[in-house]
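Colleague: Listed below are the residues making up each chain.
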Amino acid sequence: MLLTNRSKNLYQEVILDHNKSPRNYRAIEFPTHFAKGHNPLCGDKLDVYLIVDGEDVVQDVSFVGDGCAISKASASIMTTIVKGKSVDEAKELFTGFHEMATGKIEPSEDPKLRRLQVFAGVKDLPARVKCATLAWHTLDAALRNKQEISTE
Amino acid sequence: MLLTNRSKNLYQEVILDHNKSPRNYRAIEFPTHFAKGHNPLCGDKLDVYLIVDGEDVVQDVSFVGDGCAISKASASIMTTIVKGKSVDEAKELFTGFHEMATGKIEPSEDPKLRRLQVFAGVKDLPARVKCATLAWHTLDAALRNKQEISTE
Amino acid sequence: MNDSITKSKVTPARILEIRRDFPVLERTIQDKPLAYLDNAASTQMPRQVIETVSAYHSFHHSNVHRGVHQLSQEATDLYEGAREKLRCFVGASSLKEIIFTSGTTDAINLIAHSWGGMNVAKDDVILISNMEHHANIVPWYMLAKRTGAQIQVIPILDDGSLDMNRFSELIQQPNVKAVCVNHVSNALGSVNPVEEVCRMSREKGIRTVIDGAQAIGHFPVDVRSIGADFYAFSGHKMHGPTGIGVLYGRQELLEEMGPYKGGGDMILSVSFDNISWNELPYKFEAGTPPISQAVGLGAAVDYLNGLDRQLLSSYEDELLAYTTRRLMEIPGMQLVGTAAKKVSLNSFVIKGVHPHDIGTILDGEGVAVRTGQHCAEPVMDRFCIPATTRASMAFYNTFEEIDQLTDALLKVTELFDVTD
Amino acid sequence: MNDSITKSKVTPARILEIRRDFPVLERTIQDKPLAYLDNAASTQMPRQVIETVSAYHSFHHSNVHRGVHQLSQEATDLYEGAREKLRCFVGASSLKEIIFTSGTTDAINLIAHSWGGMNVAKDDVILISNMEHHANIVPWYMLAKRTGAQIQVIPILDDGSLDMNRFSELIQQPNVKAVCVNHVSNALGSVNPVEEVCRMSREKGIRTVIDGAQAIGHFPVDVRSIGADFYAFSGHKMHGPTGIGVLYGRQELLEEMGPYKGGGDMILSVSFDNISWNELPYKFEAGTPPISQAVGLGAAVDYLNGLDRQLLSSYEDELLAYTTRRLMEIPGMQLVGTAAKKVSLNSFVIKGVHPHDIGTILDGEGVAVRTGQHCAEPVMDRFCIPATTRASMAFYNTFEEIDQLTDALLKVTELFDVTD
Ligand SMILES: Cc1ncc(COP(=O)(O)O)c(C=O)c1O
Ligand SMILES: Cc1ncc(COP(=O)(O)O)c(C=O)c1O
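Residue numbers (my numbering), protein chains in the order written: chain R, 21 to 172; chain S, 21 to 172; chain Z, 32 to 451; chain X, 32 to 451.
Hints listed in this document are in silico derivations from the structure and should not be mistaken for laboratory results.
Beta carbons are placed, not taken as given, at the ideal position from N, Cα and C, and that holds for glycine.
Honestly, I wouldn't trust all of these hints.
Taking lysine-lysine and the BS3-like style, the derived pairs with C-alpha atoms no more than 27 Å apart in a straight line are [claimed, not checked]:
1) K40/X - K372/X
2) K40/X - K65/R
3) K153/Z - K28/R
4) K153/Z - K382/X
5) K176/Z - K382/X
6) K40/R - K442/Z
7) K153/Z - K143/R
8) K116/X - K143/R
9) K143/S - K63/Z
10) K176/Z - K235/X
11) K65/S - K127/Z
12) K56/S - K382/X
13) K143/S - K208/X
14) K124/R - K176/X
15) K382/Z - K65/R
16) K40/S - K382/X
17) K28/S - K127/X
18) K166/R - K127/X
19) K124/R - K153/X
20) K28/R - K127/Z
21) K124/S - K116/Z
22) K166/R - K103/R
23) K442/X - K40/S
24) K382/X - K28/S
25) K56/R - K382/Z
26) K153/Z - K124/S
27) K56/R - K127/X
28) K116/Z - K143/S
29) K176/Z - K208/X
Among the chain X residues that face chain R by a calculated CB cut under 7 Å, a handful are [stated by the list, open to error]:
30) R97
31) V99
32) L299
33) S302
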């Protein structure tokens with residue numbers, strides 16, 4: 021099978037794996053923070069749940085939703101990275117990820133983005149940037165106590 | 021003064037003369053037939069008055085109105101031609117005139133159109149055909165007892 | 032009749048010849064030849080149309096109507112000449128029945144506003160098929176909100192065809208004022224029996240609003256033999272420019288209707304106390320119309336008339352059959368819309384792969400398809416799917432392009448490890 | 032500042048160079064060179080615009096938004112790129128404030144429908160200047176009929192300028208909701224003090240609807256320094272294509288407004304029971320937008336930005352002064368509209384000669400002017416004339432063309448034997 025480089029670059033093994041077996045794919049019954057994300061262009065929908073402790077550390081984070089491989093893998097990888105981080109660190113990661121996905125910075129510029137650089141390929145596909153960032157936008161909304169967001 | 025042939029053809033002496041001194045330019049107090057004509061594209065307005073006798077002969081015909089030289093001269097010449105004709109002859113003239121003005125027949129094809137052939141030039145100027153035919157349309161409407169017409 | 036004639040077919044060479052009229056079809060995408068299979072979203076323009084528009088822009092442009100100078104007369108003749116071409120193309124009786132709009136959406140809004148505003152009241156019923164494009168739903172929804180009228184849905188069967196039994200029941204109700212059905216569904220490809228829909232509606236005195244956006248590019252349309260009260264379509268779906276569409280309406284209905292937009296050209300006289308409307312079709316064409324777009328659309332009509340449309344329709348049927356067969360080779364494939372009568376369009380889902388991922392990967396292989404809800408959310412809800420991938424063909428598409436699509440889809444299912 | 036810079040002027044050679052960009056200007060009419068003096072009706076397009084549209088049609092066309100394939104992305108980038116060009120061109124704060132419509136008429140109908148429908152009620156007052164084009168009268172008239180609101184007229188002075196004293200009185204009334212004034216009158220050429228109109232209105236909480244159709248092609252416009260709530264214009268009056276226009280609206284107002292047309296792209300989600308609207312600017316752009324037209328309009332903006340507009344504005348002022356002087360040589364001449372601030376446009380009547388006859392004879396001499404009421408019947412009524420002849424210039428017109436106009440007019444007056 022000979023896929024174009026662009027597709028190979030975007031649909032790397034790790035993304036396909038997280039798409040197939042998303043981590044932390046469950047609802048949390050009593051979250052401290054919660055938000056619903058919606059990308060009306062694609063129809064993608066995503067719920068993000070968080071438990072943040074008194075020290076502002078993310079004790080648990082999970083998601084449930086429907087979407088393309090990019091958005092699902094992005095959500096799954098996000099949960100694994102954010103767990104155990106402080107709220108401020110999570111927000112910083114969001115900013116960095118957003119800048120990378122929109123081509124404003126190179127992933128190599130920020131060592132914290134190492135595990136996220138599999139998504140760097142979306143910067144060449146403007147229609148797919150929102151797929152990659154939906155989970156992060158939703159996380160950000162949850163942390164700001166905004167219950168519903170739409171990326172359109 | 022060197023005018024283009026087209027203009028010379030259209031604005032012949034006889035038209036300019038009728039424009040300047042329109043014949044039968046007056047209202048008839050007790051007409052047997054009457055109609056108002058209106059060309060909303062130009063703003064031209066024309067009232068046509070007739071007295072038709074028991075034999076269906078046009079005893080008197082006149083007009084009052086505002087318009088361009090073509091429409092005014094056409095109305096003026098129409099009144100001079102129609103006076104004394106039968107209603108059927110007037111209607112026939114209208115048909116012939118209309119066909120000439122829209123280029124469907126050559127004026128030479130119909131000897132009755134001889135005095136009207138000064139208007140043959142409008143056939144090359146679609147925007148002006150209605151100026152030339154307004155008086156005739158209004159005459160026709162009057163004879164059919166339609167009080168108001170618009171050529172648009 | 033001679034056998035060789037009845038079986039006469041479009042040859043591959045003829046299709047290649049036609050393709051040369053369409054500059055964009057020579058493009059490559061990611062170093063692959065472009066296979067443009069997004070014709071339901073918008074069709075491509077032949078150079079005959081492109082050049083006509085350019086020539087108009089270069090040498091004949093001026094504002095239409097009301098002008099006594101030659102350029103204005105030329106522009107008017109070209110604009111009104113295009114109207115005559117369109118009249119003839121859809122078999123309308125009179126030029127008064129051909130209104131230029133900015134598109135199908137604008138045309139249906141015109142109907143809902145001007146006809147609906149006068150004829151639909153509280154508790155009246157508007158029947159809308161479950162396979163309508165948002166363009167034939169939202170204007171009616173807005174009218175219903177305003178007037179208190181009710182919208183009822185004509186269901187569709189599992190194969191994506193209209194439920195005519197239910198339809199015949201629904202029209203028995205009193206107060207049904209309008210039936211809104213597309214001639215061809217953009218999400219399913221189904222060709223609806225609009226002649227029957229119109230006949231049955233007419234017998235009950237119900238008005239029919241037929242959305243012809245997806246029909247007009249695929250086969251000859253005759254509004255009178257369909258018997259539609261209103262028929263709407265867009266230029267850009269029949270190889271003409273964007274920014275223009277046509278509303279056909281029966282003269283009698285159009286005469287009664289109040290105006291839509293206000294402005295120049297649609298009025299006879301204006302003062303601040305009183306305004307009188309112009310006659311048809313101008314009553315519905317406020318302001319400077321889409322002049323060069325009408326001229327371009329007229330050129331598209333000429334282009335289509337110059338082709339053997341009947342033969343090309345059959346060619347598209349073969350193309351559809353071939354596409355359907357090849358798609359069935361793909362693991363996890365489920366076609367959405369399998370009605371007996373379809374235009375050359377296939378909507379589908381592949382188990383476990385989101386349409387967006389399919390679209391992106393296909394694009395990498397040079398194959399342009401559309402993915403999503405196709406502005407037909409109720410269809411998606413009906414089939415309980417969030418979105419589909421849609422390959423929509425035109426007469427210039429080839430069997431090779433379908434192979435290119437199939438190969439690309441096989442790469443998708445391999446990548447995503449899809450099994451049947 | 033250096034004298035030679037402050038006095039720098041457009042040279043005739045520069046104008047001839049600019050003219051070469053406009054193919055139509057090379058035409059002859061009746062064997063005479065065309066003098067196109069009907070720019071207020073529609074301006075001509077430079078080849079830069081014509082070629083951009085052709086290239087779009089040939090190689091980049093596809094439907095915008097919602098498409099994941101490359102052509103659709105290219106079309107979307109070009110379409111949205113055009114929006115950014117327009118935003119910058121008129122100095123709007125945000126892309127959300129730039130709505131593509133099908134023209135000025137469509138834009139004002141949008142305002143009257145969506146803003147007016149929500150904000151104007153029985154006995155409210157809408158102020159409309161006596162020099163408005165029908166496009167800024169009829170939509171308000173229709174709204175007034177629907178709501179029972181009142182239209183009141185802002186009078187104009189004998190020179191064709193706005194009666195600002197009367198205006199300042201009129202806005203003292205309670206319940207004045209909107210002021211509708213054109214930036215430049217198409218029938219008179221007057222440039223209205225819209226900054227002052229907007230400032231005075233704003234102080235009273237009254238909304239301003241500025242019709243910029245005739246301004247946008249003549250001089251740089253900045254909606255924020257004008258302070259307009261709404262500002263509308265058309266592509267075909269600024270050297271772009273027909274079928275497109277722009278509505279600028281302050282974001283805050285647009286956010287509150289309900290939708291205009293219903294259809295695809297202007298909604299977020301649709302079911303038969305509930306619909307939610309999309310965000311700005313898409314809420315007001317239902318259906319497939321005028322894509323190639325927006326791209327062409329963007330090219331027109333690029334073209335204008337590449338010229339020295341300020342200098343060309345001064346050139347047009349000189350051209351106007353020259354035209355005015357030459358026209359005064361014509362026997363029986365009466366100018367209609369002699370305000371101190373005017374664009375390069377002269378409306379006039381000649382004693383004893385109907386404008387239509389003037390128009391036809393001028394056409395025979397290669398001179399394209401417009402005759403009639405110019406979709407501004409109230410202006411004609413105000414000056415008690417049935418119609419005028421209008422010569423309207425653009426930056427590509429020359430002094431020689433004005434001489435051609437003058438010579439042709441002298442032939443008219445000779446033919447009709449007009450004396451002073
Ligand atoms: C002042 C003014 N307003 C509005 C319009 C209407 O513009 P359009 O016909 O492009 O909608 C025109 C153009 O005729 C105009 O001159
Ligand atoms: C069936 C159908 N109706 C209406 C429309 C709307 O057409 P337009 O976007 O040209 O107004 C479309 C196109 O998307 C369509 O497919």
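Colleague: Regarding the pair K442/X and K40/S, is the alpha-carbon distance no greater than 27 Å?
Modeller: holds (17 Å)
Colleague: Sort out whether K65/R lies within 27 Å of K382/Z, counting only the CA atoms.
Modeller: holds (18 Å)
Colleague: Would you mind confirming whether the straight-line C-alpha gap from K382/X to K28/S stays at or under 27 Å?
Modeller: Judged against 27 Å, a Cα distance of about 21 Å means the pair holds.
Colleague: Hey, K124/S versus K116/Z, does the alpha-carbon distance stay inside 27 Å?
Modeller: Satisfied, since the Cα-Cα distance of roughly 22 Å is no more than 27 Å.
Colleague: Is the hinted pair K176/Z and K382/X satisfied, with a Cα-Cα distance of at most 27 Å?
Modeller: violated (56 Å)
Colleague: Regarding the pair K124/R and K153/X, is the alpha-carbon distance no greater than 27 Å?
Modeller: Given pair K124/R, K153/X is violated - Cα atoms ~53 Å apart, limit 27 Å.
Colleague: Is K176/Z within 27 Å of K235/X, Cα to Cα?
Modeller: violated (33 Å)
Colleague: Hint check: K153/Z vs K28/R, CA-CA at most 27 Å. Holds or violated?
Modeller: Cα-Cα ~57 Å, so violated.
Colleague: Using the nearest Cβ pair, does R97/X come within less than 7 Å of chain R?
Modeller: Since chain R brings a Cβ to about 6 Å from R97/X, closer than 7 Å, the hint holds.
Colleague: Please work out if K65/S and K127/Z have their alpha carbons no farther apart than 27 Å.
Modeller: holds (25 Å)
Colleague: Starting from K116/Z, check that the Cα of K143/S is at most 27 Å away, please.
Modeller: Given that 27 Å is the threshold and the Cα spacing comes to 23 Å, the pair holds.
Colleague: Hint check: K176/Z vs K208/X, CA-CA at most 27 Å. Holds or violated?
Modeller: holds (25 Å)
Hints 2, 3, 4, 5, 7, 9, 10, 13, 14, 17, 19, 20, 26 and 33 from the list above are not met by this structure, while the remaining hints are.
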